[in-house]
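Enquirer: Sequence:
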Amino acid sequence: MSKIEGTIRLSDFEKGVVVGMRECGKSFHDIAEEVGYEESVIRQCWSQWNEEQKKPSKEKNSGKKQIK
1 MSKIEGTIRL SDFEKGVVVG MRECGKSFHD IAEEVGYEES VIRQCWSQWN EEQKKPSKEK
61 NSGKKQIK
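With our numbering, the residue at position 47 of the sequence shown is 47, and numbering never jumps.
Quick caveat, the hints were computed from the structure, so don't treat them as lab data.
Treat each hint with caution, since some may be false.
Said to hold, decoys possible - Listed next, the in silico DSSO-like pairs over lysine-lysine satisfying Cα-Cα at most 27 Å (straight line): (1) Lys-55 - Lys-26; (2) Lys-15 - Lys-55; (3) Lys-26 - Lys-15; (4) Lys-54 - Lys-26; (5) Lys-54 - Lys-15.
Because the structure is a prediction, the values reported are computed rather than measured.
Using the sequences and the accompanying hints, generate a full structural model.
Expert: Put into structure tokens, the structure is as follows:
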């Protein structure tokens with residue numbers, strides 16, 4: 001974790017931990033307590049991850065043929 005100008009930035013590993021815990025059914029509150037961040041940080045991490053999942057993948061639309 002790095003703190004820049006009052007903003008908390010989670011490492012990719014930390015983000016993965018948060019997302020994994022959430023996907024396993026943990027509440028935002030429980031995750032926050034376990035990893036030691038404010039619940040708002042956990043909610044923001046989850047929200048950003050969900051938004052990234054909605055974006056179309058460049059790899060999916062690359063025009064490359066899939067080998068089956």
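Enquirer: Hints first: check each against the structure and report whether it holds.
Expert: How the hints compare with the structure:
1. Lys-55 - Lys-26: holds, 25 Å
2. Lys-15 - Lys-55: It holds: about 18 Å lies between the C-alpha atoms, which stays within 27 Å.
3. Lys-26 - Lys-15: With Cα atoms ~14 Å apart, Lys-26 and Lys-15 stay inside 27 Å; holds.
4. Lys-54 - Lys-26: Distance of about 22 Å is within 27 Å: holds.
5. Lys-54 - Lys-15: Roughly 17 Å between the alpha carbons, so the hint for Lys-54 and Lys-15 holds.
Every hint from the earlier list agrees with this structure, and none is contradicted.
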